[in-house]
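**Q** Single-letter residue listing:
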Amino acid sequence: MKLINRDEGALARSPSSEEVAQTSIELRVNGRRQVVAVEPREVLLDTLRERFACTGVKKGCDHGQCGACTILLDGRRVNACLMLSVMAEGCDLRTIEGIASENGELHAMQQAFLDHDAFQCGYCTCGQIVSAVGMLNEPWSADPQSLAESMSGNLCRCGAYRNILAAVSDVKRAGNRREASRDEDL
Amino acid sequence: MKPFHYERASTVEEACSMSTESEESCFLAGGTTLIDLLKLNVMRPAKVVDVRNVDMDTVDLLEDGGILIGANVRNSDLAWHQKVRRDYQALSEALLSGASPQLRNMATVAGNVMQRARCPYFRDNYSPCNKRSPGSGCAALGGYARSHAVLGTSEHCIATHPSDMCVALAAFEAKVRVEGLAGTRDIPFSDFHLLPGDRPDREHAIDPGELITGVVLPPNVEGASSVYLKSRDRASYEFALASAAVSFALVEGRIAAARIALGGVATKPWRAFEAENCLEGNEPSSELYEEAAALAMEGAITQPDNAYKVPLARGLIVRALAIARERVEAQV
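Respectively, the protein sequence lines represent chains A and B. Numbering of the first sequence is given in the working numbering, commencing with residue 818 and proceeding in unit increments. Numbering of the second sequence is given in the working numbering, commencing with residue 9 and proceeding in unit increments.
Simulated from the structure, these hints should not be mistaken for lab results. Quick caveat, the model's predicted, so the values are computed rather than measured. All C-beta atoms, glycine included, are put in the ideal place defined by N, C-alpha and C. You can take every hint at face value.
Label-pair restraints from in silico Cβ distances:
{"hint": "1", "chain 1": "B", "residue 1": "Gly191", "chain 2": "A", "residue 2": "Glu836", "range": "29 to 37 Å"}
{"hint": "2", "chain 1": "A", "residue 1": "Asn954", "chain 2": "B", "residue 2": "Arg240", "range": "26 to 34 Å"}
{"hint": "3", "chain 1": "B", "residue 1": "Asp199", "chain 2": "A", "residue 2": "Glu922", "range": "52 to 60 Å"}
{"hint": "4", "chain 1": "B", "residue 1": "Ala338", "chain 2": "A", "residue 2": "Glu996", "range": "27 to 35 Å"}
{"hint": "5", "chain 1": "A", "residue 1": "Ala925", "chain 2": "B", "residue 2": "Ala338", "range": "35 to 43 Å"}
Facing chain A, a subset of chain B residues (Cβ under 10 Å, in silico):
{"hint": "6", "residue": "Arg16"}
{"hint": "7", "residue": "Gly38"}
{"hint": "8", "residue": "Leu42"}
{"hint": "9", "residue": "Ser84"}
{"hint": "10", "residue": "Arg112"}
Isolated chain B (complex conformation):
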């Protein structure tokens, strides 16, 4: 690990000005991504700004019925939070399916949103990787790509976005609240993570010196139920090969407010808008689920090692929709 300067901030303003003083700085909260990548020398900041003393560690109920999740709220606290378990079940399930109990006790909501790729070529600090070393190439293309993405890829990067939590946040149409010296703004979740395109090193729509201070969740749709399903190489403590967060309500027997988001298969937390449109206003049936699942995976670009992800994700979507329907009907 390379040496770095370390400073503790106690307010948002302090954190933002500390981070803008140095060209290569990064924020430290739970540390589970950062310290891992510091040890690998994949991240080499000149300065680390510790924001754990900044007051943003509560889950607040909003007037509209939604919630504001403080950036420093631990993954485990959010997963077990009573309102999250009741109104945003897929979020609780996604959190509990991620990492281990120890890591969830450390990892924060903002840190999870900023989580970095698990691509082995990114992490080895040696292979060509446009994300780590822009312009060097992509060793995953033509390499061992079993865990890599099939949606949202480019010819410069096929690294999978690893988060479970973000998939559920995408489905619930969360907004990421960022604050900087210029003010506060809420970024819609679909716009927050960037597609790799020809700049895989740029991962977020956040400007230098801006700090995530929270995540805003809109109120749960009346009568809606949600579920998070995850497929992986072992039953626990493993990243997704494919995952799906789905949510919908039934109005007079027809699907309303359908949401489908995918993990493990895309370069960012992936909303399947066309699949949602296909469900909307129709009576639920397994044929309809199959149709939606096929639409969700349309346009997938596969490598020899990861072509299995297309049928795997389709199957997960169909199962998740069936479970969501059971949950909707159990509510009544």
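Next up, chain A with everything else stripped away, as it sits in the complex:
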């Protein structure tokens, strides 16, 4: 079988790195305004890790298949590995480093992960927690099947799924109870 050299073929010449204009972007990362000049091909996951020291955002598969790099972009959970940094212009980003309150009090989801021992090696945990926080803003029901589906974008190779789902379920149900009692008060 003939193997094709990767640089053969009728493809346009890519510009060199020097020919490409750097773009200045302004964004908020965990509440702090940041301005940074990036090359268009720089990926948001790398910008967060290398320039803003948000190393809780993990590079697992780097192709949108594992969820370890999950962040909240304007409140919605996304994979930072499949975004160019230039796409985050004007956005409000939250990583695991910005999930707890300023005074250090853990987010209910972080506490639930501790309470349920919802991790083993811990590599996927940051992404799991941020993803679960994002899930709370989406219209999932609290039944076990729906919650499992809602967390399907985060893989755990240790297989800590039972405890992860127990933690997520606790927070989701507590939120539902709070909403119900608020509705009764109205």
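Could you slot chain B onto chain A? The hints should help.
**A** The following block gives chain B in isolation, referenced to the frame of chain A:
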């Protein structure tokens, strides 16, 4: 990843002229396909035109009762949209069965329509692949072809079309609205994706410089119910081995407006017209479903690794039709 020029467009006209200025350019919306393939060097555009600021991110109700889905509407927003859940249930189910919640928050409707093949030989940037490198051959033919297509294939390409959403759009007879410097046109969904034939590198009936600005869905057929069923290697976050979107209504106990579209088994979102004709005007029964399912898969060309897809798809069609009937009857 190779360097590329990056420009932001804020209107359709701007996007179209930016893209025609450069020979090898592509549009960026959700980025979930493009950035993946940029990292693999499978796509190497000289310029990327970001269209996320172009105003096309709403779902609008049309006078005829249909909807116009803006090109930039996120997959998750469309899946949870009230009218979509009520009138186009198979579309909501197809969207929710695709990718992960994170990816659905990023991916757009137009990007999903333009999604590229998941064939491992296309993605490895090394093997012969007529889609990536025209004329180089097809490593999937005679290779490991467990995930590959059995319908609409050619001797040059057997890559499966990976989308779930597109299968439902095919069943609902959507139209893809494209705009270019020459004007606007609506392309029927069945004509939008091209069969590989002897040019697998040409995937769409869209001209250079044209931008998808929306997808038009005709009104739901009165009394019709729909369903999307998907079979895959694991229960979530996986591409289809086979899938079926079906829809029909019952008029005086007989099937009307039957629609069957298939995913995971074909080189494009696949309408099973003959199977639909076989259902039309007949009383629903499991024998009839079996007959339709057999017709849908007639002419399948299998490889040793993917012959299982024929009975798998037939079974899915039969089950989907039975569920659609339950839903039709539950409406009354």
